[in-house]
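Chemist: As given, the protein sequences belong to chains A and B, one line each in that order. Per the numbering used here, the first sequence starts with residue 21, numbered consecutively. Per the numbering used here, the second sequence starts with residue 2, numbered consecutively.
Take these hints with a grain of salt, some might be off.
[Said to hold, decoys possible] Some but not every residue of chain A turned toward chain B, in silico, with C-beta under 10 Å:
id : residue
1  : Q61
2  : K79
3  : I83
4  : D115
5  : G145
6  : Q149
7  : N159
8  : F163
9  : Y164
10 : R166
11 : A180
[To be verified] Ranges of calculated distance between the beta carbons of each label pair, as one might list FRET restraints:
id : chain 1 : residue 1 : chain 2 : residue 2 : range
12 : B       : A5        : A       : S58       : 45 to 55 Å
13 : B       : G33       : A       : R97       : 39 to 49 Å
14 : B       : A67       : A       : D133      : 46 to 56 Å
15 : B       : L106      : A       : D77       : 53 to 63 Å
16 : A       : D133      : B       : E151      : 17 to 27 Å
17 : A       : A131      : B       : D29       : 44 to 54 Å
18 : A       : Q61       : B       : R49       : 33 to 43 Å
19 : B       : N7        : A       : G134      : 38 to 48 Å
20 : A       : P71       : B       : G33       : 34 to 44 Å
21 : A       : A113      : B       : R70       : 47 to 57 Å
Keep in mind that the hints were calculated from the coordinates and are not lab data. Note that the Cβ used here is the ideal one computed from N, Cα and C, for glycine as well.
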Amino acid sequence: MPIPPRPDPPVARRTALALGLAWVVAGLPRAVAQDASSSMQVTLFGVVATPNSKVIDPKLASIAPQLRRLLPDHGFRLVDARSKRLRPGDAIACDLKDGSAAEAQLIQPAAADGKIRLRFALTQGGVPQFATVVATPPNQLFFYDRPHPDGSRMLIGIGAR
Amino acid sequence: MGVAMNCRVAAESLLAGPHEGPGSALADHLAGCPACASLAERSARLDRAWALTRPHELTGPALDAAWARLDAALDSAARRPEVLAFPGPRLARTMPILARAAAVLVAGAIGLGAWNRSPIDRPALAESVIEIGVGETVLIRQAAEGPAAERLAMADIPDSVGLAVDVLNVIETLAN
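Construct the complete structure from the given sequences, taking the supplied hints into account.
Modeler: Below, the structure is given as structure tokens:
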């Protein structure tokens with residue numbers, strides 16, 4: 021006995037399927053774009069700057085001229101560096117190897133003024149020492165300068181794009 | 002023999018709580034060290050803020066009053082067992098005891114929480130907002146009155162935007 025052909029789905033069902041597929045196809049790129057625009061690549065790093073020194077950490081050799089323009093007559097050693105794509109509320113942290121830690125939290129990716137809002141915090145042994153919110157244009161760096169008793173300085177750099 | 006005073010010892014002393022008065026090794030150190038003096042000032046401000054905002058402690062009279070109200074409520078309940086409609090006489094006898102035990106546990110938990118409060122468990126530092134303009138390179142420092150932003154002039158750092166992009170490119174590579 022021949023098998024009867026499968027009947028076509030009802031028109032209403034086909035229409036619903038087509039609309040659903042169109043919604044998924046049309047909405048997906050927008051969702052991906054929104055996800056990309058609501059996250060930022062945030063970079064946080066700590067550098068020890070030693071006065072009257074010409075010693076440059078090999079890892080920093082390629083940006084030594086830039087660092088020397090920021091702090092002339094200093095040697096530089098990279099302590100820690102972190103870079104991650106963050107969504108609002110996410111944070112990255114650097115261990116500064118002296119019992120202190122720096123944290124950068126993305127608050128707002130891009131406001132109407134085009135600036136990214138980040139919260140920077142410094143802790144010593146887990147105890148908050150300093151915290152501030154910074155509104156910065158993308159592709160720029162700002163630094164927290166922390167002097168050490170021995171005359172060296174901990175430069176903590178933060179940037180986002 | 003006392004511990005030699007330096008910035009680290011001074012910071013630990015300041016964060017541990019109230020310290021000795023004038024003439025102490027710490028006071029001598031603070032007189033000659035602006036950074037530690039700044040930390041001492043901020044620590045004192047935090048102590049004042051904490052003193053103004055900390056929750057009320059459960060004092061002896063307040064605790065006595067709470068117990069009196071609890072006893073009165075329990076006595077009232079014991080006089081009217083038919084209203085409470087406990088399922089059996091044994092449970093009716095044990096409920097006030099359980100209620101007292103629960104009250105003791107709650108009071109104990111409150112007391113333990115207050116006793117365990119570390120001297121460095123203080124409110125978060127007040128935060129300011131630092132605005133950075135396009136092309137500015139900003140160096141943030143902790144001043145006595147709060148975060149201070151030193152804006153390095155564009156002329157001091159030529160092509161500061163290019164500098165930042167170069168540094169970001171390299172650091173991102175090092176971090177990943």
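Chemist: Now tell me, hint by hint, if it's right for this structure.
Modeler: Taking the hints in turn, this is what the structure says about them:
With a cut of 10 Å, the hint placing A/Q61 at the interface with chain B holds, because the nearest CB-to-CB distance is about 7 Å. For A/K79, the interface hint holds, the least distance from its beta-carbon to any beta-carbon of chain B being 6 Å, beneath 10 Å. Nearest Cβ of chain B to the Cβ of A/I83: about 5 Å, under the 10 Å cut. The hint holds. Among the interface hints, the one on A/D115 is violated; its C-beta lies about 13 Å from the nearest C-beta in chain B, farther than the 10 Å criterion.
A cut of 10 Å between beta carbons decides the hint on A/G145: the least distance to chain B is about 8 Å, and the hint holds. At its closest, the beta carbon of A/Q149 sits 8 Å from a beta carbon of chain B; the interface hint therefore holds under the 10 Å criterion. Taken as an interface hint, A/N159 checks out: its beta carbon lies about 6 Å from the nearest beta carbon of chain B, inside 10 Å. For A/F163, the interface hint holds, the least distance from its beta-carbon to any beta-carbon of chain B being 5 Å, beneath 10 Å.
Contact between A/Y164 and chain B, as hinted, is supported at the beta carbon level, the nearest pair being about 5 Å apart and thus within 10 Å. Checking A/R166 against chain B: minimum C-beta separation of about 8 Å stays under 10 Å; hint holds. Because the beta carbon of A/A180 sits about 9 Å from the nearest beta carbon in chain B, less than 10 Å, this interface hint is met. Between B/A5 and A/S58 the C-beta distance comes to about 52 Å, which sits within the given range of 45 to 55 Å.
Between B/G33 and A/R97 the Cβ separation comes to about 28 Å, which falls outside the hinted range of 39 to 49 Å. Distance hint for B/A67 and A/D133: a CB-CB separation of about 53 Å, consistent with the stated range 46 to 56 Å. Restraint check, B/L106 to A/D77: a C-beta distance of roughly 56 Å satisfies the suggested window 53 to 63 Å. A hinted range of 17 to 27 Å for the beta carbons of A/D133 and B/E151 is consistent with their spacing of about 22 Å.
In this structure the supplied range 44 to 54 Å holds for A/A131 paired with B/D29, their Cβ-Cβ distance being about 48 Å. Separation of A/Q61 from B/R49 is about 41 Å and conforms to the stated range, judged on CB atoms against 33 to 43 Å. For B/N7 paired with A/G134, a C-beta distance near 45 Å keeps the hint of 38 to 48 Å intact. For A/P71 paired with B/G33, a C-beta distance near 20 Å fails the hint of 34 to 44 Å.
In this structure, A/A113 and B/R70 meet the distance hint of 47 to 57 Å, their C-beta atoms being roughly 48 Å apart.
Hint check: violations occur at hints 4, 13 and 20; the rest are consistent with the structure.
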